[in-house]
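For reference, the chains in residue letters:
There are 4 protein chains.
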Amino acid sequence: MNDFKPLCPTVDQRIRESFAAQSMMTTLGANMMHVAAGATEIHAPILPGSRQQHGFAHAGLTFAIADSAAGYAALSVMPADHEVLTTEMKINLLAPGKGELLIAHGKVIKPGRRLVIVQADVFARNDGKDIHIAMLTGTMIPLAPV
Amino acid sequence: MNDFKPLCPTVDQRIRESFAAQSMMTTLGANMMHVAAGATEIHAPILPGSRQQHGFAHAGLTFAIADSAAGYAALSVMPADHEVLTTEMKINLLAPGKGELLIAHGKVIKPGRRLVIVQADVFARNDGKDIHIAMLTGTMIPLAPV
Amino acid sequence: MNDFKPLCPTVDQRIRESFAAQSMMTTLGANMMHVAAGATEIHAPILPGSRQQHGFAHAGLTFAIADSAAGYAALSVMPADHEVLTTEMKINLLAPGKGELLIAHGKVIKPGRRLVIVQADVFARNDGKDIHIAMLTGTMIPLAPV
Amino acid sequence: MNDFKPLCPTVDQRIRESFAAQSMMTTLGANMMHVAAGATEIHAPILPGSRQQHGFAHAGLTFAIADSAAGYAALSVMPADHEVLTTEMKINLLAPGKGELLIAHGKVIKPGRRLVIVQADVFARNDGKDIHIAMLTGTMIPLAPV
Chain A
1 MNDFKPLCPT VDQRIRESFA AQSMMTTLGA NMMHVAAGAT EIHAPILPGS
51 RQQHGFAHAG LTFAIADSAA GYAALSVMPA DHEVLTTEMK INLLAPGKGE
101 LLIAHGKVIK PGRRLVIVQA DVFARNDGKD IHIAMLTGTM IPLAPV
Chain B
1 MNDFKPLCPT VDQRIRESFA AQSMMTTLGA NMMHVAAGAT EIHAPILPGS
51 RQQHGFAHAG LTFAIADSAA GYAALSVMPA DHEVLTTEMK INLLAPGKGE
101 LLIAHGKVIK PGRRLVIVQA DVFARNDGKD IHIAMLTGTM IPLAPV
Chain C
1 MNDFKPLCPT VDQRIRESFA AQSMMTTLGA NMMHVAAGAT EIHAPILPGS
51 RQQHGFAHAG LTFAIADSAA GYAALSVMPA DHEVLTTEMK INLLAPGKGE
101 LLIAHGKVIK PGRRLVIVQA DVFARNDGKD IHIAMLTGTM IPLAPV
Chain D
1 MNDFKPLCPT VDQRIRESFA AQSMMTTLGA NMMHVAAGAT EIHAPILPGS
51 RQQHGFAHAG LTFAIADSAA GYAALSVMPA DHEVLTTEMK INLLAPGKGE
101 LLIAHGKVIK PGRRLVIVQA DVFARNDGKD IHIAMLTGTM IPLAPV
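Chains as they are written, first to last, in this note's numbering: chain A, 1 to 146; chain B, 1 to 146; chain C, 1 to 146; chain D, 1 to 146.
Treat the hints with care, since some could be wrong.
Chain copies aren't distinguished; within one or between two, either way the pair holds.
Claimed, not checked - Simulated crosslink set (PhoX-like; lysine-lysine; CA at most 20 Å straight-line): (1) K107 with K129; (2) K98 with K129; (3) K129 with K110; (4) K98 with K110.
By construction, these hints were calculated from the structure, which means they are not laboratory data.
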């Protein structure tokens, strides 16, 4: 994965603007903490309104930030005028989302002109310890400007 | 799927109480519209706060209600004192989540003592027309009471 | 799925020739039994050489014929000069592949110019009874001629 | 992954015997090259009879050795009298299986009493260079002796 183009300020800004335009990320309290060429990191608190019936993070929260983390990792390796769409994503849940904060790391496994294969891993921070709670693999489609 | 036990009022009530306890469903404005033995239907409006950068439903919304729909379909075929956990779920996105409302249908593909295989399909209602926007397959684990 | 183009003899023949060129299908004893617009059916005996350690069908056999069934279902709805590649496929195994014969049904869930979403279901015939042993969903990429 | 039990000779032998009993591995010419606690490596030549219509490795070959590699990685971290079954596996194909040999690395992502989450990566060796052609994630179920 050392063949990624370096992340120029224009791309960095585009990604942050696009993330800011995802109202779901605001609803979930999510923040884009880090963007690099082929890698991103998103944090989201496990808000009172983001839980399942036992008080842990809802899988929908875990999925939402992982999908965004993976999507922006893909966008970071595309030409500056392209968009990206998720076509498929599989999540394996490894442990309950217990704690204060979820941390999603997105990365590009295989960039491509037609498809970009991505991975995301989500950790739950509980009393200062990070537990690996989910692993996702997926496929993003680059969309050229119309 | 004609070997499902009929859905008794106790199970129906347990499912509705569990759903009501998922604060994420409240945040997303989701409602459990229908529960039967091995099948459920959840509706969620595409709220201003549930969108991606182009104003369509965020994949996190689509996933969240599909996961709940599939999970409660699984719960409906289990002994009345059991819980259920998602262990894996794959989503294929078929079309943008464009419109006013998402509708998730969950169903059991294969019930089992150790694992329950489930499917969910999500439709977006746009000007009265329902478009199939996502197909999910997954695995739920029954948890016996401790 | 009633918007599929009818399957013309040219496409039917292309699919059967392509299938015949897959030496893996010959090794596994697989036969293309049926091709329609958006749907196929492949049969494969559970040969002595296609088994796992308990004598049941190896998941590799189940996957191989399901992947081919789904791929040719996708090819059947594409322009006659296109090729198709699997980009991702998930299999949920529902029961052991016990019996004499595996039967894979492939179908198109959502045709598209850039991607075709497919499903396959595999049954094991044992003493004349067909058991649903696997469900697969996947994504195929159409390739235009160079 | 540093909490795996060390691989004792009994487990190593059980795994090799189980692998030898998978007739599909013999049909495909596959060999178990390496077994450690939580990790395995399987090699398979791209035989004349293991190909798709363009002469590359059939996805069924790639899947079959990856599934076995992941399954035996899971078995290596279980109690010595247990068996393991694949319940689901997703494959993302990254590049054509072009060359002489496929190499599958299986590893355990998350061991567990009820489920073991696994990953496999497959490489194609072509003129001495290894290309990453597939990434798989899946779930194995431990089965205690009856």
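A quick look at each hint next to the structure:
For the homomeric pair K107 and K129, neither the shortest alpha-carbon distance inside one copy (22 Å) nor that between copies (24 Å) is at most 20 Å. Taking CA atoms no more than 20 Å apart as the test, K98 paired with K129 passes inside one copy only; the shortest distance there is 11 Å, against 39 Å between copies. For the homomeric pair K129 and K110, the shortest alpha-carbon distance between copies (17 Å) is at most 20 Å, but the shortest distance inside one copy (30 Å) is not. Taking the closest pair of Cα atoms, K98 and K110 come within 20 Å of each other only across two copies (17 Å); inside a single copy the shortest separation is 31 Å, beyond that limit.
The structure is inconsistent with hint 1 alone, although it conforms to all the rest.
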